[in-house]
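A.B. asks: Protein chains in written order, with the numbering used here: chain A, 1 to 242; chain B, 1001 to 1216.
A couple of the hints might just be wrong.
[As the list claims (entries may be wrong)] With a straight-line cut-off of 30 Å between C-alpha atoms, the simulated BS3-like cross-links for lysine-lysine are:
| id | chain 1 | residue 1 | chain 2 | residue 2 |
| --- | --- | --- | --- | --- |
| 1 | B | K1191 | A | K93 |
| 2 | B | K1121 | A | K56 |
| 3 | A | K26 | B | K1051 |
| 4 | A | K154 | A | K51 |
| 5 | B | K1133 | A | K91 |
| 6 | B | K1126 | A | K47 |
| 7 | A | K89 | B | K1048 |
| 8 | A | K56 | B | K1193 |
| 9 | B | K1208 | A | K47 |
| 10 | A | K91 | B | K1048 |
| 11 | B | K1076 | A | K91 |
| 12 | B | K1088 | B | K1141 |
| 13 | B | K1133 | A | K236 |
| 14 | B | K1051 | A | K93 |
| 15 | B | K1048 | A | K26 |
| 16 | B | K1141 | B | K1012 |
| 17 | B | K1041 | A | K93 |
| 18 | B | K1133 | A | K62 |
| 19 | A | K36 | B | K1208 |
| 20 | B | K1035 | B | K1048 |
| 21 | B | K1076 | A | K89 |
| 22 | B | K1141 | A | K34 |
| 23 | A | K71 | A | K89 |
| 24 | B | K1191 | A | K26 |
In case anyone wonders, no lab produced these hints; they're calculated from the structure.
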Amino acid sequence: MKILILFFLIFHIYHVNADEIYNLIKIPNLEIYKLKNDNNIRYLSAKGNFKIGVNKNITCEKVDLDNLNSKFSVIEKNINLYNSDFLNKIKLKYIVFCENLFISGINTGGIPDNKNRTLILDINFNKKYFERMIHHEVFHMIQNSHSNVFDENKFSSFNKSSFNYAKCSTCSDKLNLDLYENTNGFLTEYSKSIPSEDMAEIFSFLMTDKETIEDRISSDKILNNKVNFIKLNLAKIDKNIL
Amino acid sequence: MIKTIKASKSEKILFIFLICLSIFAFTSFFLLKNKCLFVEKNNLSKLKFNKPNNIAVMNVECGNVIIELYPDISPKAVERFKILIEQKMYDGSAFYKVSENTFVQAGDIEYGNINNLDYSKIGSGKSGLGLLKSELSNDFKFTEGSVGFARATEFDTEDSEFFITLKEIPIYQGEYTPIGKVVYGLDILTKIKTGNKAIYVLRPDYIKTFRMFNSN
Chain A
1 MKILILFFLI FHIYHVNADE IYNLIKIPNL EIYKLKNDNN IRYLSAKGNF
51 KIGVNKNITC EKVDLDNLNS KFSVIEKNIN LYNSDFLNKI KLKYIVFCEN
101 LFISGINTGG IPDNKNRTLI LDINFNKKYF ERMIHHEVFH MIQNSHSNVF
151 DENKFSSFNK SSFNYAKCST CSDKLNLDLY ENTNGFLTEY SKSIPSEDMA
201 EIFSFLMTDK ETIEDRISSD KILNNKVNFI KLNLAKIDKN IL
Chain B
1001 MIKTIKASKS EKILFIFLIC LSIFAFTSFF LLKNKCLFVE KNNLSKLKFN
1051 KPNNIAVMNV ECGNVIIELY PDISPKAVER FKILIEQKMY DGSAFYKVSE
1101 NTFVQAGDIE YGNINNLDYS KIGSGKSGLG LLKSELSNDF KFTEGSVGFA
1151 RATEFDTEDS EFFITLKEIP IYQGEYTPIG KVVYGLDILT KIKTGNKAIY
1201 VLRPDYIKTF RMFNSN
């Protein structure tokens, strides 16, 4: 049995791709895309497909550089809304670009990894929601690094008592990202999935379309409470982000 | 009566060719096997340094690697490094993590000694001296031959493991605590056994001795 374990270990060891970036953030097949930026963020791109995570359940494909070049200015414009001090506080240093990002077989726009200070972004994510998706994923990094500040029970208590979130973000079929005409406490269908997605949706709209949100909350008390909750708690981390 | 048969001209040529081939194969085998053959040795008695107190000599299979330590940049890390050297704790330490032409890493005191390699735990060993706070420098460039303290994913987890870069790695700037730079013998490090494309090396090369220059 011991020999079998040793054999498995050796086999496993021998199939880890070794390079200096892997050594740093534990994602193989990456190369530097842009290193020096005003807010000290570092952009990396996938030069080959990669599989990471538990049971290699996160997969992504290499980027087409022309594709990335055409989208980079939009990404950079949005990421530049965060200063280096704030990015330090939320443990975000590396943004990894790849195409067709999947987690456990489900297509996703981004995957935050606070432990490695990394946010993986799928540059092929739906154009319509692309900018909002960036901030949505950044919020997950904010919440992960300040879970005591963004208390999900307190946030959930703003909803009507009859409402219940799903058990996980992919447990429900509430995935639509379009803004509701009648918000009724929720900005999008996806907001109804779980509290953290609800918060992330609010934050993403605040970063990309603040005026619309200000307009909606004037006639939606639940949403107003939620927006204030996000604003108030964000101010505890950085007063100038919103 | 036995007749003596003279070898033909072509047979003689073939015989000479076979002898030459076997000599070539024999010498090639030994030349190729000796990876240190064309590596320049560093004779310590001929070397002089402005700050000999900050010079460390790492002896590996192919010779001496001379490292200048930078206490001005990272005083605590260099102090720890010197303690580990003076206590001979790096002797026998395996280069278990090597990326070809990129970096070599050694210094796991607990699980990475050549006499006591534990592949299931390697990289997680402790020196017993406690963890250090990261001493990061945004100005220090990890050019070829830079020596840095390795750490876990989190900062402030430096202990004893160190790496040496074999090429410039700009992404390491501000990420790792710099300890110093190789001043002689970088080519020796390029001969350290790699794990092919893998990050961990089986039957690795190791540090024979690691001493401060003054103690030699």
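A.B. asks: Confirm or reject each hint.
C.D. replies: Each hint, compared with the structure:
Under the criterion of a C-alpha separation no larger than 30 Å, the hint pairing K1191(B) with K93(A) is inconsistent with the structure, at around 34 Å. A C-alpha spacing of about 21 Å is found between K1121(B) and K56(A), which places the hinted pair at or below 30 Å, so the restraint holds. Between K26(A) and K1051(B) the CA atoms are separated by roughly 38 Å; this puts the pair beyond 30 Å, and the hint is violated. Of the supplied pair hints, the one linking K154(A) and K51(A) is violated, its CA atoms being roughly 36 Å apart against a limit of 30 Å.
Taken as a hint, the K1133(B) and K91(A) pair is honoured in the structure, with Cα atoms around 18 Å apart against an allowance of 30 Å. Taken as a hint, the K1126(B) and K47(A) pair is broken in the structure, with Cα atoms around 35 Å apart against an allowance of 30 Å. About 46 Å separates the Cα atoms of K89(A) and K1048(B), which puts this hinted pair outside 30 Å; it is violated. The straight-line distance between the Cα atoms of K56(A) and K1193(B) is roughly 29 Å, inside the 30 Å bound, and the hint therefore holds.
Taking the CA atoms of K1208(B) and K47(A), the gap is near 38 Å; set against the 30 Å cutoff, the hint is violated. For the hint pairing K91(A) with K1048(B), the CA-to-CA distance comes to about 45 Å; that exceeds 30 Å, so the pair is violated. Restraint check for K1076(B) and K91(A): satisfied, since their Cα atoms lie roughly 25 Å apart, inside the 30 Å limit. Distance hint between K1088(B) and K1141(B) is fulfilled; the C-alpha atoms sit about 29 Å from each other, no more than 30 Å.
For a cut-off of 30 Å, the pair hint linking K1133(B) to K236(A) stands: about 27 Å separates their Cα positions. Proposed proximity of K1051(B) and K93(A) is contradicted: the alpha carbons are some 37 Å apart, above 30 Å. In summary, the hint linking K1048(B) to K26(A) is not supported, as the alpha carbons are separated by about 41 Å, beyond the 30 Å threshold. For the hint pairing K1141(B) with K1012(B), the CA-to-CA distance comes to about 63 Å; that exceeds 30 Å, so the pair is violated.
Between K1041(B) and K93(A) the alpha-carbon distance is near 42 Å, which puts this suggested pair outside the 30 Å criterion. Among the hinted pairs, K1133(B) with K62(A) is inconsistent with the structure: their alpha-carbon atoms are about 36 Å apart, more than 30 Å. At most 30 Å may separate the alpha-carbon atoms for a hinted pair to count; K36(A) and K1208(B) exceed this at roughly 40 Å. Restraint check for K1035(B) and K1048(B): satisfied, since their Cα atoms lie roughly 28 Å apart, inside the 30 Å limit.
Our distance criterion of 30 Å between C-alpha atoms is met by K1076(B) and K89(A), whose separation comes to about 25 Å. Between K1141(B) and K34(A) the CA atoms are separated by roughly 17 Å; this keeps the pair inside 30 Å, and the hint holds. For the suggested pair K71(A) and K89(A), the alpha carbons sit about 27 Å apart, so the restraint of at most 30 Å is met. Annotation: proposed proximity of K1191(B) to K26(A) holds, straight-line Cα distance about 26 Å (limit 30 Å).
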